[in-house]
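Chains as they are written, first to last, in my numbering: chain A, 631 to 802; chain B, 16 to 300; chain C, 79 to 325.
By construction, these hints were calculated from the structure, which means they are not laboratory data.
Using N, Cα and C, we set each Cβ at its ideal position, and we do this for glycine too.
Heads up, some of the hints might be wrong.
[To be verified] Short derived list, chain B residues pointing at chain C, Cβ under 10 angstroms: (1) 17; (2) 43; (3) 46.
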Amino acid sequence: MAFENSSGETDLSVETSGKPVAENRRGFVKKLAVTALALGAGGLTVQFGRFMTPNVLYEAAKVFKVGKLGDFPIGSRIVIEGRGVEIVRGKEGIHAISLVCTHLGCLVNPVKNDPEVGYACPCHGSRFAPTGKVLGGAAPTDLPWYEMYMDHMGTLVVDASTVNHKRTKLVV
Amino acid sequence: MERAFLRKLIALCVICGLASFALLGLVAFRDGKREWKDYQQEYQSLLLEKIDRVANPVFFQRVTSMKPEIKQVMLDGLGRVDRCTTCHLGIEDSLFTGAKQPLTTHPDPRLLESHPVEKFGCTICHGGKGLATTYDGATHQSNAHWPDPMVEKGFMQSRCGYCHNNYAAIEADELVLGQKLFKDLHCSGCHKVDPGDGVMAPVLTAFADKGTGSFDFTHIDGDHSRQNWVLEHFKNPQKVTPGSPMRIYAMNDTQLKALTTYVLSLTERVFTRDYYPNEKFVAEE
Amino acid sequence: MNKATYSLAESIKLLPVNIRNSVIRRGGGSEDQERASVVFGNLFLHLHPVRVHLNTLRLGYTLGLGLISFYLLVILIISGILLMFYYIPSIDMAYNSMLDLEFAVSFGVVLRNMHRWAAHAMVAFVFFHMCRVFYTASYKSPREFNWVVGVCLLLLTLFLSFTGYLLPWDQLAFWAITVGTNIVTYVPWIGDELRYLMLGGTEVGQMALLRFYVLHIAVLPMVMAALVGVHFWRIRKDGGLSRPLDN
Chain A
631 MAFENSSGET
641 DLSVETSGKP
651 VAENRRGFVK
661 KLAVTALALG
671 AGGLTVQFGR
681 FMTPNVLYEA
691 AKVFKVGKLG
701 DFPIGSRIVI
711 EGRGVEIVRG
721 KEGIHAISLV
731 CTHLGCLVNP
741 VKNDPEVGYA
751 CPCHGSRFAP
761 TGKVLGGAAP
771 TDLPWYEMYM
781 DHMGTLVVDA
791 STVNHKRTKL
801 VV
Chain B
16 MERAFLRKLI
26 ALCVICGLAS
36 FALLGLVAFR
46 DGKREWKDYQ
56 QEYQSLLLEK
66 IDRVANPVFF
76 QRVTSMKPEI
86 KQVMLDGLGR
96 VDRCTTCHLG
106 IEDSLFTGAK
116 QPLTTHPDPR
126 LLESHPVEKF
136 GCTICHGGKG
146 LATTYDGATH
156 QSNAHWPDPM
166 VEKGFMQSRC
176 GYCHNNYAAI
186 EADELVLGQK
196 LFKDLHCSGC
206 HKVDPGDGVM
216 APVLTAFADK
226 GTGSFDFTHI
236 DGDHSRQNWV
246 LEHFKNPQKV
256 TPGSPMRIYA
266 MNDTQLKALT
276 TYVLSLTERV
286 FTRDYYPNEK
296 FVAEE
Chain C
79 MNKATYSLAE
89 SIKLLPVNIR
99 NSVIRRGGGS
109 EDQERASVVF
119 GNLFLHLHPV
129 RVHLNTLRLG
139 YTLGLGLISF
149 YLLVILIISG
159 ILLMFYYIPS
169 IDMAYNSMLD
179 LEFAVSFGVV
189 LRNMHRWAAH
199 AMVAFVFFHM
209 CRVFYTASYK
219 SPREFNWVVG
229 VCLLLLTLFL
239 SFTGYLLPWD
249 QLAFWAITVG
259 TNIVTYVPWI
269 GDELRYLMLG
279 GTEVGQMALL
289 RFYVLHIAVL
299 PMVMAALVGV
309 HFWRIRKDGG
319 LSRPLDN
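The shape of chain A in the complex, shown without the other chains:
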């Protein structure tokens, strides 16, 4: 029930008048304004973040098809050109291993017919076991495996954006 008293101020109630009630309203409006400001600033930051994160990259796709199962006979090791990945198929399953040396990024050479050394880097002499485990040389860590799966059409796909830490082979 609001009406103006003699000094021109609007009172909220008949009984009390003056500062305490007006203060409450001012406090509420202030809180409202601060909340709106916080929401606005927060929302702006979030949307700015969405604007700045690219939705498309002009880079080669990290998830790529490598072929059908028939293209990789048991016991084969086949390098996928242009991707720095080798597909190794054994009796237990198939896996994709990165050929990017963990030292400074050269592409390692697959070494055939050597039970100990699977990959040797021509740049600074790093050597890796057939599983990718680092044997010696300049490289600090093992060659990572990438996630691999078979889609519903029977095509094998490598997901180079996800590292296969557990080193589980794909069983198909």
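The hints should help you fit chains B and C onto chain A, whose structure is shown.
Just chains B and C now, kept in the frame of chain A:
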């Protein structure tokens, strides 16, 4: 008086502020809604129904955790980027042969086997605006104002001629017939295609590279697309280009279509060597 | 020795207050002086006048056209800077990067459209503002110099609009600039030289795009910001926004 005015001003300020706030929120909301997100959702739910969770749990998991994203293929050799697969998700997926557009599979799977989407994209054969992610943006209509609008269904063979020379080898019957008609009707007597041809009439060496805007549709009855212009031009050159000395060459519909297809395959665009069939570089025996 | 020396514990307790006093400086004196000093001591706030005549707030006198023009400029600067993160000023990529903004960037459509609309609106409102100043005779003494600054701002606005028009590198852009730079050749004696300088060559190509880009995003906005500062400063110093006299 003063105080009332100030109060009105403050009220106006507050209202405008809240209105802007609401509008900005609306902008953020609407920007998140994209045409392709709906199609991707539909594809995901349809695919989940079709695949077996037990047979391939890894793949099933991947499909369940699919997030909406723009999909593109970068084709440096063709100088383009195609985002068609953002909506046309089932194009290489044989499980979607019966689905409705845009999820349906490509009609001729043999074509996709020899021209996989990863290497060729879509616009090199179909035309359209590869960078777009909406129906209208991608210029799905053949009469759109774009240098390379979508090719109409009956004239798809015209794009085979962009890279292929040996039409018979690829079973492009329309091109074979069109090329034969072009030769039999002596078109190159006036219209130059190869060195040594006549120059009385417009040169056709790069005819397929002309966009919709380069054609005059004033006297065209039907669709304002390139394919239709060429068809109507053959039916009556003097009507379509008044003052033209070209006479009407009596042809039936099949012949008209074949000749149109052939003429629309004449391009001067070049791509990198790995995109051409071997026949182009190896001389015929 | 200063009486304001504290022990370590006291210093830490008083840290919030001390920091606040360091950031927001308050002067001494009477209550009015103290309130004024909060404004004077702050870089952002001191741009505002401490007092404003009531008539200045009356929309009917100035229609707020100058303020709207300035606000449009702010919108243009912010949306422009954001667009710069995705636009590529090369003739191969300019149109494609614009398409990317339209289809593949979150809020790309909104920002690009806002930029375009604000640009057209600013040209219109700057013109209306000039009309208002003229019809209220607010160019008379002591505001003559501010009128000149205003005209310079108008020319800057038009040139910013012109340079920005080329950036999408579509048919509209190319031909508009072709026509515009051909008009420049009609300037007596130095017309052709001027066109050569503007385009960085004889034709509208990569160099022209690059020159227009640099002008549009760096040179012209900086000059505009400086002149806008002068424009506002002169308003303050000339006695505030022109308004009818008090009764």
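Structure-based check of each hint:
1. 17: holds, 7 angstroms
2. 43: Nearest chain C Cβ about 8 angstroms off; hint holds.
3. 46: For residue 46 of chain B, the interface hint holds, since the closest Cβ of chain C sits about 5 angstroms away, which is under 10 angstroms.
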